[in-house]
Amino acid sequence: MRNLLRWETALVFLLIVVALTGQVSTDGSFLSGGNLFYLGLDIGEIALIALPLTLVIVAGEIDLSVASVLGLSSALIGWLWNAGWSLETILPTVIVVGAVCGAVNGLLVTRLGLPSLAVTIGTLALYRGLALVVLGDTAVADFPSSYTEFGTTPLPGTNIPYPIVLAIVLAILFGVALHASSFGRSVYAIGANEEGARFSGIRVKRIKLTLFVLAGAVAAIAGIVYTFRFSSARADNGVGLELAVVAAVLLGGVSIFGGKGSLFGVLAGVLLLGGLRNLLILQDTSTEVLTIVTGLLLLVSVLAPSITRRFGTLRKATP
Amino acid sequence: MTAATAVATRGTAARRLSNRVGRVRELGIVVALALVVIPTAIVNPRFIQPQSLRDLLLNASIVALLAVGQTLVVVTRNVDLSVGSVLGLSAFLTAQQFADHPGTPLLAGIGFGVVVGLACGLLNGLLVALGNVPSLVVTLGTLYVFRGIDYALAQGRQVNAANLPDALLDLGSSRILGIPILVLVTVVVIAVAAVYLRSYRSGRELYAIGSNPEAATLAGIPVAKRTLTTFVLSGLIAGLAGALWVARYGTVDAAAGTGLELQVVAAVVVGGVAIFGGSGTVAGAALGALLLGTITSCLVVLQIPAFWQQAIAGALLLSAITVDRLLALRLAKALRKTEGTSHA
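Heads up: the protein sequence lines correspond to chains U and A, in order.
Each residue of the first sequence is one higher than the one before, starting from 1 at the first, in our numbering.
Each residue of the second sequence is one higher than the one before, starting from 1001 at the first, in our numbering.
If you are wondering where the hints come from, they were derived from the structure by calculation, not from laboratory data.
Be aware that one or more of the hints could be misleading.
[Said to hold, decoys possible] Chain U side only, calculated, beta carbon under 10 angstroms to chain A, not exhaustive:
{"#": "1", "residue": "A118"}
{"#": "2", "residue": "L130"}
{"#": "3", "residue": "D137"}
{"#": "4", "residue": "L299"}
Just so it is clear, CB atoms sit at the ideal spot from N, CA and C, and this is done for glycine as well.
Next up, chain U with everything else stripped away, as it sits in the complex (with noise of 0.2 angstroms):
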C-alpha cells in the first residue's frame, strides 16, 4: 500500500514538474487556458475509456477491445444517420450496443471461463470487423452542427470542454462505486483474491460482467465524443487507442494482476500522457519521442516497485 501511495505521489511530482517545464519552456502559453482546452479535448476518449477499464483491471481482468467498440460506436453513427435516424434515437442505441459488445465479452470470460485477455484480443478484431462491414471504407461527415459543436467548443465561459465535463462526472461516479461502496471493495477483493471473494459470499461473476458491460458502453460513448471531436464517422477511429488507454491505467499504478490502484492515480498518469504529449507538439519535438517516453514510464512504472522492494531487502539484510 505504501508503494501505490509513493508511486501516485511521484505521478503527481512529475506532472508539475511537465507543467512547470511546460510553462517556462513556452514562456507561458502551456498552461494558458486555450491551450488547456486542446489538451483536454486530446484526452478526452483515453480518460473516459481509462475509467471503467481501471475496474477492469483491478478486478484482475483485461479489456483490449474498448478501441474497437469506439470504432464499431462511430460507424454505427455514420450508418444509423445515413440510413435516415435521428441523433436522438442513435445516441442511446448506440451505447446500447457498446454494452451489449460488453456483455458478449463478460459472458465469455466469465460463463465459459476463458482468460479475458485471449477473449478481448478476439472481440478486438470481431469488433472492429464489425465496424468495416457496417462503415466499409468511407466517411460520413455531415452531422449536424448542434451536436459537432460539443467537440470543438468549451463549456460557456470557461475553457473546458463537454468531453472533459463528461469524464469528470464520470469519474466522479466511478470514484465513489471503487473507493467508497462496497461493490468497488468487492472489486478489489476480486482482483487481490478470487477464490476467497468467492468463499466470501462476493458474487465474482456478475459483478465482473458488471465491469465489461460498463467498459463496453463507456467505450461506445467515447465512440461518439471522438465522432462528434472530428465530425468524422469512421470504421477506423481510434485504432490502437487500447494500448494507449491500458499504458495510462498502468502508469496510473494499477497493478496488472489486480487487486491494486487508484482511480485518481490513473486520472494522473492519463494527465501526465496527455500533457507531455502536449508539451512536445508545443515544442515541435517529433512525436516518435513521445512514443518512446510513453513506453518508458510504463517501464518504469512497472520496474519502480519492483526496484524498491529490491533495495528494501537489501537493507533489511544489511542491518
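Add chain A to chain U, keeping to what the hints say.
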C-alpha cells in the same frame, strides 16, 4: 489383474485420451483449413494452382515465423507484445544497412537484422526475468520504445527496392524445387523449434514453467534463465522475420509490422497454444497463422469484401478458444472418472 496394474492401465488410458485431445486440436485446424480451401477451390479452381498455393504459404510465412517465437514465450505463461515493433526496427535497420553499404554480404546483412532482434529480445527478457515484472506490461512498454526508436532512426525515410542488392530481393522471390525460399526458412525454424520443445530437457521445462511456475522453481528448473531464453529467442526470430520482410516487400519504412503483434497472438491462440501457458505446439501455432492467412486470401478469391476479413478472424479466434475450453472441460471430467474408478 492386480490393483496396481489396473491403476496403471487406467492412467495410460487417461493419458491417451489427453494425447488424443491434443492431436484433435491440430487436426481441427487442418479441417478448418480444408473447410475454407475446398469451397473456394470449387468456386475458383485456380485457387489451388501451384502458383496461388505458393503465394498462400509465402503470405503466411512471416506471421508463422513470429508465431513460433511467440509460442515459446506463451508456453511459459508469458506474452511478447513487442514482436511487431522488433520486426519493424530490424527490417528498417537491415534495409538501411544494405542501402548505405552496398557491399554488405547477404548473410551478414540478415545476421545484422537477427542481432538487432536478439538485442531487443534480451532487453525484454532481462526486464521480465530480473525485474520480476509482468511480461504483458514490459512488452507493451517496449512495443512503444522499439517503435519510437524505429521512427527516430528512420526520420521519415524509406528504403526502396532500387537501393537493395538483387541477392536479397531474390531471396524473397526465388524458390528451390518450386518452394519459395522464405517458406523453406520458416519450415526449418518451425522444425527446429518443434524438436526443441518436444525432445530437449530445457524445451520440456518451458511447459513445466507454464503449467505451474512455483512448482517448476521447487523442482529445480532455472525459471528466470529459461524465461530469459524464450524472450531472446522470440526477439531473434522477430529480427530474422524483419530481415525477411525486407527481402519479401523490398520497400521499408518505420511503420513496417505495425499492429502485427495482435495477429501473431491470434494465430498462436487459434493454433491451440493456451494463453495461460503449459500447452501447445509450434506446428499448431504455424497452422493457426496459415489458417488466418488463408481466410484472407479466400475472401479475396470469393470476392467477399475485404471488410469481412477481420470480423471473421475475430469470430474464428473466439470459437477456437471456446472449443478448446469445452474440450478441456470434457477431458477434466473424463480424467476425474478414470481416477474415481481406480480408487473404487
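(message) Under 10 angstroms is the threshold here; is the Cβ of U:L130 close enough to any Cβ of chain A for the hint to stand?
(response) 5 angstroms, holds
(message) Is the interface hint satisfied for U:L299? The criterion is a beta-carbon contact with chain A at less than 10 angstroms.
(response) Interface hint status for U:L299: holds (4 angstroms vs cutoff 10 angstroms).
(request) Mind checking the CB of U:D137 against every CB in chain A and telling me if the closest is under 10 angstroms? (result) 8 angstroms, holds
(message) Given a cut of 10 angstroms on the nearest C-beta pair, is the interface hint for U:A118 held or broken against chain A?
(response) 4 angstroms, holds
Comparing the model with each numbered hint stated earlier shows that all of them hold.
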